[in-house]
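Protein chains in written order, with our numbering: chain X, 591 to 887; chain C, 440 to 785.
It cannot be assumed that every hint is accurate.
Listed next, the stretches of chain X that the computed footprint assigns to chain C, with coverage defined by at least 3 CB atoms under 8 Å from CB atoms of chain C [as the list claims (entries may be wrong)]:
1) 616-627
2) 686-692
Covered stretches of chain C, as calculated for chain X (at least 3 residues, CB under 8 Å) [claimed, not checked]:
3) 471-481
4) 578-587
FYI, nobody ran anything at the bench for these hints, they're computed from the structure. Where a beta carbon is used, it is the ideal one built from N, C-alpha and C, also for glycine.
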Amino acid sequence: MTTKIFLQQLSNGISLGSLYGLVAIGYTMVYGILRLINFAHGDLLMVAAYTAIYGITLFSLPWYVSFPLAIIITGIIGILLDKCAYKPLRDAPRISLLISAIGASFLLENLALVIIGGVPKAFPRPEVFAKVIEIGGIRIQMLTIYTPIITLILLFGLLYIVFHTKVGKAMRAASVDFETTRLMGIDLDRIIAFTFLLGSSLAAAGGVMWAMKYPQVNPFMGVIPGLKAFIAAVLGGIGNIVGAVLGGFLLGLGEILLVAFMPEMAQYRDAFAFAILILVLLFRPTGIMGEPLVDKT
Amino acid sequence: MTKTRRNLILNCASLVVLFGILWLFQEYGTEYQIRILNNIAVFITLAVSYNLVNGICGQLHLGPNAFITIGAYTSALLTMSPTEKQMSFIIKPLIWPLSVIQVPFWISLIMAGTVATVFAFFISFPVFRVRGDYLAIVTLGFGEVVRVLCNALQSVTNGPLGLKGLKPYTNLWWSWSIAIFTIIVIQRLINSSWGRAMKAIRENEIAAQAMGVDPFKHLMMAFLISAFFSGVAGGLLAHLITTISPTLFTFFLTFNLLIIIVVGGLGSTTGAVIGATLFAWGGEALRVVESPMDIGPIHIPGIPGMRMVLFSVILMVVIIFARRGITGRNEFSWDWLLGKLSFGSR
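Using the sequences and the accompanying hints, generate a full structural model.
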C-alpha cells in the first residue's frame, strides 16, 4: 500500500470515527444518568436526516437554515421520547425500560416507513461539503475535513456545558445519585430532559453529516451506526464524554483500516465492531477511560 | 382420586382433544388454516424457550434469532440431497462432509438443536460475564455476527442466495408434538430446584448467591436449553417456509418474540403460549389494516408496514401501563380452571 492510499484511508477513518463519536456522546450521557441503553438513539439519525431533506426540498430552505432546524427538531423529539417511553418507567425494573426502548426504536423506524416509504431518498449535498480538494495528491471531500472539526467544536462546547455551568453540575450530580440530587433542590426530570435534548441534538448533527457522507436515506439507516456508536461508547468507557469520542475515533479508524489492509475482510466489517465489544467486555469492562459505575437502584 | 391422578387424566384428555382438532384441520382445513396452525406451534416453541431466559431468569437476551438461524441452516443442509446441494451452490461449492450427507428429518432437527447449543455454550462465557443492558447488547451483537457470517461464508450457507427448495417436512404433527414436548420439558425444569434457583437469580442475584446458588451455572443451563429448542424450532421453520436466506432471521424476529412474551406475561409459560397464539393468529387477522379500506365515503389506501407500527405501540403500551401482561407470572392449572367452573355453577 502506498502512503497516498494510506493517508486517504486515514482521513476516511477519522471522519467516520468522529461521526461514531458524535452519536456515542448521546449514548454515554443517557447511560450515565439513567443506566439505560437508549435503543432509539440511532433512529434519531434517521429522523434528523429526513427532517433536513424535507427542509431543503419541501420548504426550499437553504442548507444553513435547514440543518440547524433539523437538529433542533430532533432534539425536541428526543425530549418527547423520554417523556413518552422512559419517564413513566422511572421506578420500573430495568428490563421493562429496555423493552420500552426497543419498542420506541421500532416505532420510530416503522412510522417513518409508513409515512415516508421504504424507497431510499437521495440527500441533497450542499456544494460547500461536496467539493473535492486535492492536498498533496490525495483527493479529499470537504466533508471529510469538516466532520472531525465540527465534532471537536461540539465536543468542547459540550464539555463547557457539563463542567462549567450549573446545569452541567446538576447533570453530573444526577449521574451519581438521584435521591441526593433531588434533596439539593434539583428538578431531576428537567435535568434528564436536558440530557436527552443535548444527546439527541448531537446525534442529529451526526445524522445530517452521516447522510451527506452516505447520501442514501432510508427508515433503517440509523440502526447500524447506532449500534456501532454504542460500542464506541463502551470502548471509550461508558459515562465518559471524552471517552465516547475517543472510542468513536478508534472504532472508525479500526474499521476503515481493517478493510484497507485486508480487502477480503470487507464483508466481515459489521461483525468487527461486535468482536471488539466482546473483547472489551471480557478484558476491560470499564473501557479505556471509564471508571466503574455504581449500580443505581 | 388424588389430585395428581386427576391432573394426569385431564392432561391426557386435553392432548387427545388437541390432536383430534389438529386431525380435523388436517383432513378438512384449508391450506391457509393449516399454515397458521403450524406457525402457532413454531411460535409457541420459540416463545416458551425464549421465556426461559427472559422471563424466568430475568436476563434480557436479544439473540434468539441467532440460534434460530443456526438451527434452520443446520437442519436444511442435512436434509437436502447431495444433487440438490450441488445445484444450489453455484458460486462456491459446499464444503466436503456437508456436501454428501443426507439424513432423515428427525435427526436433522436434533442436530439443529445440538449445533445451536454448542454455539450457545461458547457465546455464554462473554454473555454471562455481564448483566442488564450489556447482556442485551452482546446477545444482539451475536445475532448480527451470525447474520454477517451467513452472508459471508458462502461455502457453507450459500451466502445471500440462501437455500431453496427444501422439502416441506414440517406438518401439524411435527410442529405440535415438538411444541408440546418443549412445554413439558421447560415446565418440568421451571418447577425443579434448577428453576427455583433461576427465579431466585431473577429476583436478587446477590441474595441467591448468598444462598449458595451459582448464577453462571444456572443461567448457562437456561441459555443452553433455550438455544436447543430455538434451534429445533429453526429447523421446523426452515422446512415450513422451504426457502431460507440470511434476511429471514433478523433482529425483527427477536422483536416479535419479545412482543409475544411481554404481552403474554414475562415469566409465565402459559403467557408465552397465549402470546404466541395471539401473535400468529392475530398477526394474520391484522393484515386488514394494511389493505385498502372504505369507511363510508372515505377511502383509505392500503398502508404497508402499518402492522409493525401497531405491534410497536402494543408493546410500549403493555410495558408502560400493564407490565404484567395477560397472565402475569401465573401459570394455568386445572385447580384454577375447575375452581372457576364450580364457582360459576354455584
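For which of the previously enumerated hints does the structure constitute a violation, in increasing order of number? 3
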